[in-house]
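K.L.:
If you want the building blocks of each chain, they are given just below.
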Amino acid sequence: MIILANGMTNEVTRRSDAKGVLWVRMDELPRATGWQMKPEGACLGELCVPLPANKREEWIADADDWVWFCYSDFADMIGQKYVRDGEVWSLGSVPQVRSVGLESAIAPDFEVTERNGNTLRLSDLRGHKVVLFTWSSW
Amino acid sequence: MAQDSGAPEATDKWFDRASPTYRCVVDPTHQISSLFGWVSVPSAAWIDEDGRIVRSNEGTYPAPTTIRFGLGKVRVGDSAFARATRDWIERGADSEHVWSHEQLAERLKPVDDDTRLAEATFKLALHFETVGDSEGAWRHFTAAERLAPDNWNYLRQGWTHKGTLYASLKVLKRTNYLRKNSDKSYYDPMGLPGENHHRYTEPEWLWTPAVRRIKQLLRR
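Chains A and B are the protein sequences, given in the same order.
So that you can map any letter, position 27 of the first sequence is 27 in our numbering, and since no number is skipped, the others follow by simple counting.
So that you can map any letter, position 156 of the second sequence is 156 in our numbering, and since no number is skipped, the others follow by simple counting.
Just so you know, the hints here were simulated from the structure itself, not pulled from any lab data.
Take these hints with a grain of salt, some might be off.
To be verified - From chain A, some residues computed to sit far from chain B (all C-beta separations above 12 Å): (1) Met8; (2) Met26; (3) Ala61; (4) Met77.
As the list claims (entries may be wrong) - Under 8 Å between C-beta atoms, here's a sample of chain A residues computed to sit facing chain B: (5) Lys81; (6) Ser90; (7) Arg98.
Just so you know, even glycine gets a beta-carbon here, dropped at the ideal spot from N, CA and C.
Required output: the full structure, derived from the provided sequences and hints.
P.N.:
See the structure below:
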């Protein structure tokens, strides 16, 4: 199964009994979605979303000898849109990330590949003025 | 930053021609436009030393630009954004072109459900294009177009899937329709002094000067 998120393509394990629901193995969750489970809830960088107490057992479940997280139900709760075609799930932006940006005006961080093959994170450029400029060949 | 699903093959020759002295990156999944809410190119943001966005615009041509296609061309852009950028680099927060919190809030305001679903759909299309499933890619490109019909990034990248000629004709057809039937602009005004803001620019064909001359003569 493939998850498209944050500009990355991640191959992850498919839960054998998943039917139209996106279950992500807990150990694959950070790589596949950017989120990781912490005592305070599901966290994406500085942003943490508590899981509803009545959903915790339903969304975190054992199967196939692993612990799984019901990501599609979580995405529905936070308003993150997703679309599925066969074994590929594509996740849209997390609305709360945009809200945080709105309050602080801090530019959303991202990781891209430079032309020379090096990886560049926007946050690596702190301390410098940055002019971010997009263009395309089309 | 080259925002192009065909990168680097589609973008290398342009990078080489520009002989850049700045950092050049490729973004084949349009990740950065999604994060900054841009729907067209060129777009740009100024980010200060603390990592804060202090301005974000579309239509940020660095100079007057002529885009040629077959027997026609369009003229777009001006030097307003380049002048303002130099001013911000020299004067930082004292630059008159730095946006207020209200201006930024308007730019970064939340987007609706269809826009967010369009983003997920468009990324799915790009994936199918990458793995060579042309039919799947086209299905999702057209779905994204229906969900976000004003997002030129989605439209033009999607049309390019059918070839450059197809994409050029679609752009001409759609801009021609919008020029005649809409008050919208291809780019929102940047709000900069000396800006030569344009709506959907009318193409100039090879024969346009001759037609203009004939019209002048007839008017006499």
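K.L.:
Each of the hints needs a verdict: does it hold here or not?
P.N.:
Hints, one by one, checked against the model:
no. : hint  : result
1   : Met8  : violated (8 Å)
2   : Met26 : holds (23 Å)
3   : Ala61 : holds (25 Å)
4   : Met77 : holds (14 Å)
5   : Lys81 : holds (4 Å)
6   : Ser90 : holds (4 Å)
7   : Arg98 : holds (6 Å)
Consistency with the previously given hints fails for number 1 only.
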